[in-house]
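There are 2 protein chains.
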Amino acid sequence: MKVFILGGDGFCGWPTSLHLSNLAHEVTIIDNLSRRNIDNELEAGSLTPIKPMGTRLKTWRETTGHTIHYERLDVAKNYHRLLTLIQDEKPDAIVHFAEQRAAPYSMKSSAHKRYTVDNNLNATHNVLAAITESGLDIHLAHLGTMGVYGYGTAGMKIPEGYLPIEITTDDGQRVRQEILYPTNPGSIYHMTKTQDQLFFAYYAKNDHLRISDLHQGIVWGTHTPETQLDDNLINRFDYDGDYGTVLNRFLMQAAVNYPLTIHGTGGQTRAFIHIRDTVRCIQLALENPPERGNRVQILNQMTETHRIRDLAKLVAQITGAEIAHVDNPRNEDSENDLHVHNDLFLDLGLEPTTLQAGLLEEVTHTAKKYAHNADKTKIPATATWTKRQKPGVPTV
Amino acid sequence: MKVFILGGDGFCGWPTSLHLSNLAHEVTIIDNLSRRNIDNELEAGSLTPIKPMGTRLKTWRETTGHTIHYERLDVAKNYHRLLTLIQDEKPDAIVHFAEQRAAPYSMKSSAHKRYTVDNNLNATHNVLAAITESGLDIHLAHLGTMGVYGYGTAGMKIPEGYLPIEITTDDGQRVRQEILYPTNPGSIYHMTKTQDQLFFAYYAKNDHLRISDLHQGIVWGTHTPETQLDDNLINRFDYDGDYGTVLNRFLMQAAVNYPLTIHGTGGQTRAFIHIRDTVRCIQLALENPPERGNRVQILNQMTETHRIRDLAKLVAQITGAEIAHVDNPRNEDSENDLHVHNDLFLDLGLEPTTLQAGLLEEVTHTAKKYAHNADKTKIPATATWTKRQKPGVPTV
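Just so you know, the protein sequences line up as chains A and B, in that order.
Take the first sequence: its letters are residues 1 to 396, numbered as in my numbering.
Take the second sequence: its letters are residues 1 to 396, numbered as in my numbering.
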């Protein structure tokens, strides 16, 4: 298969590119290096020492014999170049990671809100318009988020994208329908993914594009079998208050003797997936595209749910770290349950990496090994959702 | 009241500005003149001879003694200027018409799709971010469209924004909920308005902005009492295949001895409202803002529904015009019923201008009077929704 990976330099995009290339697919990474540029802005960086793209690709070629192509361009802005690449290369599939993906970053200021909206919506729409203009039958696999659903339900497990409902008509009859699950995004970032869904529904209906939208949980872990082949192939590990995901932050905090920062009560329940399972899910999605003319195929890309304070306890037990309850910078419910269907990926053969199996390895192989790169001042989450919230800073 | 009218130079924005100014509200028009610039691109123009903004405002001042302020800026791009205007002037309300509003124009090419998405979504989001950043309690009234609902239902009248549904929980209980009506947009333009709804829901929830979203039907007519005060105040009348709305197109076609062009069977049913009622609805919406902290207030801004072929027959009866069934350039159902609730505006005191009462006046006072300005080559609708559709050109 010939595959374009939009955002192939990022935390999920890079290991996905290697995984697909290792399966002998012909991979082209398209990326504007925005994630590295944001590191410059935030004066924060990956705990792991990631290499420039040139070094990454040269090492990959020398290690495996596989060539990954690379084009530096901004998918949200350079429409015509994106179109000509599609027309010239005729990819079978495009994997779309090319969006600003951190909720806290999207809430830092008006400028960050505006960048997230402008970048994410134009990037997604440009890809759809370009595939349509090319006239080619290309399968688009997009990284959505579990956050489109919100974190409360009316008492049923969250379905995979579509909700069966009943409506009462004017003459009193009950009619069954299946609708796109009503969204309830918790940040500007999550909101853009709910708007992406409407792009997809429209282009699937009007232009019969084949689209898979993968509603991913919070990703944890760092390594995949491919990124571990050489130090030059190492993946990002973000721990700062904007880009670090909660479990990786706990692991890193434990490694540098910083208290595990729980926002509020820690009663929030979230969905999780290991990065090794992310790359496998993308592979499974590409191998199982929807039929042309069908509605968007939506899959929940997560393997387990956990309450945040339980996660903190687990990490504290393994590592002996202390726990600090800090202010919650987010505007969200302090407690919620979360039950999610993920049968589609399990039916396709996904074998989940469980937290129990992977945690200890991650602490020792990554967090402790690279702890000397940490800048502790970058740990607190400082972006507040409104002026009513306060930053999540522990009183040390 | 101090009111900003974003897009106050357009077909709906201009008469709204005059109407509110005439009620002694302090009105500031903010517009980048994009509609006039698109006239240049399309080499098409208003049937009525509209005047430059300077002439319009000078005449208004001399005729009524009221001053309307004017700032030329692009709401989708000039965020900081928009913010400083809000901070300096502290408006009580902002009326947001500043979006590309023609479905056919939004489907002309990838470039037109991309412009519509980029302009409409960034414009709406900039307004919301700026109100939030200002910290002021400003009521935002936005022009949505009946097209967010789509044109088919499960057998109930289309409600005003929110749909009561029942969900069955995992333990078999039925739970009632009220959700944002599931959208089914028929064009890129309509899609952007469904995405606007998600912006509004988010900012109402997170930042407690007061927002009214007015889902308007197809506007017909030209004049309001205020635009008729002087020839220099005349409103636009679009008849071209991109910007002309169906009923005004029929009236103009009759006036210039061109067949009334019905796309496909004409079995499509649509909602309508006269421009006189549009300006009155905006007034009523501004006088009745939602409470701070409430969900978005959604009102259906329409007064009657008609099947397209029935409208053509009516105009043909009045004028003696011929009817031509042409190809439908749109990708849509050939027949649909449409039943709509519009109680909210009726309860607030709206007295609808009916088609029967207004049609003949419009034909003689506008279409015939300015028929000599018509360019018949601009009448056919040529923008096709996909490569499968064909332009709507009559064989004369």
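To be clear, the hints were calculated from the coordinates, so they are not data collected in a lab.
Careful, some of the hints might be misleading.
The list cannot tell twin chains apart, which means a pair is met if one copy fits it or any two copies do.
[Unchecked claim] Taking lysine-lysine and the BS3-like style, the derived pairs with C-alpha atoms no more than 25 Å apart in a straight line are:
1) Lys77 to Lys313
2) Lys205 to Lys387
3) Lys108 to Lys205
4) Lys368 to Lys90
Hints, one by one, checked against the model:
1. Lys77 to Lys313: Answer is neither: 44 Å inside a copy and 47 Å across each miss the 25 Å cutoff.
2. Lys205 to Lys387: between (41 Å within a copy, 14 Å between copies)
3. Lys108 to Lys205: So lysine 108 and lysine 205 pass the 25 Å test across copies only (18 Å; inside, 36 Å).
4. Lys368 to Lys90: neither (44 Å within a copy, 53 Å between copies)
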